[in-house]
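Participant: Whenever a hint applies, use it, and build me the whole structure from the sequences.
Chains A and B, in that order, give the protein sequences. Under my numbering, think of the first position of the first sequence as 1, with each following residue one higher. Under my numbering, think of the first position of the second sequence as 472, with each following residue one higher.
Take these hints with a grain of salt, some might be off.
[Claimed, not checked] The calculated lysine-lysine pairs, modelled on DSSO-like cross-linking and capped at a C-alpha distance of 30 Å, are:
no., chain 1, residue 1, chain 2, residue 2
1, B, K761, B, K749
2, B, K637, A, K224
3, A, K224, B, K749
4, A, K403, B, K787
[What the hints assert, rightly or not] Partner residues aside, some chain B positions facing chain A, computed with beta carbon under 10 Å:
no., residue
5, G503
6, V504
7, V508
8, W518
9, L523
10, T525
11, P651
12, S652
13, G656
14, T679
15, A779
Source of the hints: derived by calculation from the structure; they are not laboratory data. Built from N, CA and C at the ideal position, the CB exists for glycine as well.
The primary structure of each chain is shown beneath.
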Amino acid sequence: MVFNSLTFVVFFACVLALHALPLPWTAKKINLAVASYLFYAAWNPPFVILLWVSTVVDWYAAQGLVKAKRPTSRHAWMLLSVIANLGMLGYFKYGQFLLDNFTSLISAVGIAYHPAHYDIVLPVGISFYTFATMSYTLDVYLRRATPAQNLLDYALFVTFFPHLVAGPIMRPTELVPQFAQPRRATAEQLRFGLALMTLGLFNKIVLADSFLASAAERVYDSDKIPGALDAWAATLAFSGQIFCDFAGYSTTAIGAALCLGFAMPDNFRFPYAAVGFSDFWRRWHITLSSWLRDYLYIPLGGNRHGARRTYAALMATMLLGGLWHGANWTFVAWGGLHGVYLAAERVLRVRFANYRPGPLAFVALGLLTYTLVNVTWVFFRAKTFGKAWVVLRGMFGQNAAAKPILATFSLLSVAAIVGGILLTHWLMRARTLESVIARAPAAAVSMIWALMAFAIIIAQGAGNAFIYFQF
Amino acid sequence: MPSSTSSSDGLRDARAGTPDRYARQTAADRPGVAQPVPVRPVPAQPWGRILLGTVLLLVLLVAGWEEYWRAYGARPGIANTFGLWSIQRRRIDAGEGAATVLLGDSRLYFDIHLPVWERLDGRRPIQLSFEGTAPLPVLEDLAADPKFTGRLLIGVAPDVFFSGFKFRGAAVGYARKESPSQRIGQWLSMHFIEPYFAFDDPDYALQTVLARQPWPVRVHQRLPVRKLAMTESDRNTYLWSKLETDPEYRTIIRNTWLNHMQRWDDEPPPAAALKNEKEQIERTAHAVAKLRARGVKVLFVRMPSDGAYLEFENRKYPRARTWDALLAASGVPGIYFADYPELQGYELPEWSHIKHSDAERFTGELYKVIQRDFWGPNAPGVSAKASAAR
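Facilitator: Structure representation (structure tokens):
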């Protein structure tokens, strides 16, 4: 089920009530595990089997790793986990993509091959929970962590509903220890958790779905040729939409976990105020970028084997990171562009090692970063390269015959909301949400909280899925 | 990839300029190590009082919003969602395959009253029509479903039917893939939200209300259709009384239709439109043939329209080219309202739909015509008509 649904409201109320009952800690954990399976089954019950497969394989792989005496055995257990998880991911997410590319490839050399079309349904959140379970086995393999003490704690780590389908991607060392001792939210945690959930849902339902999504759709999902204003407005709208959608999900997830007494890591830190691309990736989808860094970039050599190897590892990581987002070459291009940006930044940092920007240059570099990030969003949002080129040409004023697409209200909405997001990110770039709330008058906190909740209610969200569910 | 510079470095308190006491590291700051249990501090605030204030203010705001829309004339009703449609569609799977199904656009949807039909027929029909949506996708879905063996009344509004316009065309796909969560959400909403809140209607959603303010015109878009009808839990639907009582609102709707007609006149090019019409007719005939092959009784009905709408339809979709061609291609009989005195003379406030009280009377008259001429035990030669049409 999605957070922005009535079903979740009732589900979450039941979970909170059950968690507050004076039951033994093990019983409460079983409640949470059952609730998490129900949360997932509410989309498509048979796919719970995939969760079990992922859970059981990694549980036994980690046990095998601990018991293994020889390095080859350890290696084999690790490979079992990686192959099982990536195999599942590959089949469900990339099966049709691989088949289509194979067909195109052999057609190019003159062999006619027409395979049947497989209508493979992508299990919600499979990219997230396979990465979470793989990190468990890989941490044990890399001797960074010891296996969980019991299967229940481990299964709950995998399935814990706040992070299950769209992150933040949690590591076992972040969550499993929280299951060792009884946890129940204090009254303050419960209230702050509810406030965070409201903030997250406001981002998703009001800003992303109600105001920004339609501007992006009208340009990206139509066959009309956009001029500069429409192309930029649609792309800026999507930059705001995807932030509000995904950061909104993360904030809601963090709030839901806090209501139950659990802590989840930050996933976003005002990324549109980033100055440079390494800064951007420390602020955007932090749990994915750090996962890719720890389990892909560093094992590929990281920056320990000279410049050439570093750039190769960087590009490989970003290309695969792009592919993780979806089975389409446009996502690979998106990742590749970010890889190029990061590599170029690295070169410039070496070349101008002593450069320290003044305040104006700092802001200018931040805006340049945001502008270039928007160029990458074109490939992320467009379904085809053809569409991406059309929008890019529009953004650079090359679509001479373009006619207006977006209505005045759409343009004003995008300007107000995206402008507001940018301003907020710059004001907050060196602050935390908590410090700002702590300093605010209590009445102001009440008023903003109530207004956000009111906006959620009167926007009448239609329970649209979060964008990252498809990944 | 992240360098060694931390995004958490140097976080400052908002006003005091001192280090932020809530600052914490993230995984971005700790490369290549096991990540510790996260820190999730709660800002120091009187959260009990804050929550109380929030709830009180929220109740006041929602009550004010509800009052505003009630003063406008809105009343609680059931939302016309895909979920609600799916409930009716599932009735065929759940043992009501022999029922009468009503399938069309908004005219069949608003103008047929299920309680009146049930009173006359003894059985409540299944209402599968959708506003602004040609019946073809659902017709093809029913044709492919062997569980459906009943009777099918297909509404024909020329502009929608022969253009294949699909404002709500995703209903069939939704019903097939509806998740347990969506089903539960539909049930919760129609039992605990929709019957009590008048503002819970897409026409009063925040972004919809803002978007229809008089902004400077940049693009001449098709005007969105304002609220037209009230729906009940089994999709019994009727024209909203505001269209009878509020001349200003009636004018808004009429202007919307005029705007649509203008755009319809402009696009698409006639050749493409004619080709499309032909395709709609052929696909309809194919689906109807499949249904009739397993004994389903099919009947087309051209529901009443009036004023500028009727003039537009007659001009843009002349009867001989559209309606007559449809009956000839499908071999199915049809009721054209203009051919039956008892189906004329009703009040259509915005030219396209019959007002509530008249629609109840119209349903009774239509049912009598259907029984008398087509489906009743004494109907004169339905098969003869069909044969003649062939």
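Participant: It remains to establish, for every hint, whether it holds in the given structure.
Facilitator: Hints, verified against the model:
{"no.": "1", "hint": "B/K761 <-> B/K749", "in the structure": "19 Å, holds"}
{"no.": "2", "hint": "B/K637 <-> A/K224", "in the structure": "20 Å, holds"}
{"no.": "3", "hint": "A/K224 <-> B/K749", "in the structure": "27 Å, holds"}
{"no.": "4", "hint": "A/K403 <-> B/K787", "in the structure": "28 Å, holds"}
{"no.": "5", "hint": "G503", "in the structure": "5 Å, holds"}
{"no.": "6", "hint": "V504", "in the structure": "6 Å, holds"}
{"no.": "7", "hint": "V508", "in the structure": "5 Å, holds"}
{"no.": "8", "hint": "W518", "in the structure": "4 Å, holds"}
{"no.": "9", "hint": "L523", "in the structure": "8 Å, holds"}
{"no.": "10", "hint": "T525", "in the structure": "4 Å, holds"}
{"no.": "11", "hint": "P651", "in the structure": "5 Å, holds"}
{"no.": "12", "hint": "S652", "in the structure": "4 Å, holds"}
{"no.": "13", "hint": "G656", "in the structure": "4 Å, holds"}
{"no.": "14", "hint": "T679", "in the structure": "9 Å, holds"}
{"no.": "15", "hint": "A779", "in the structure": "26 Å, violated"}
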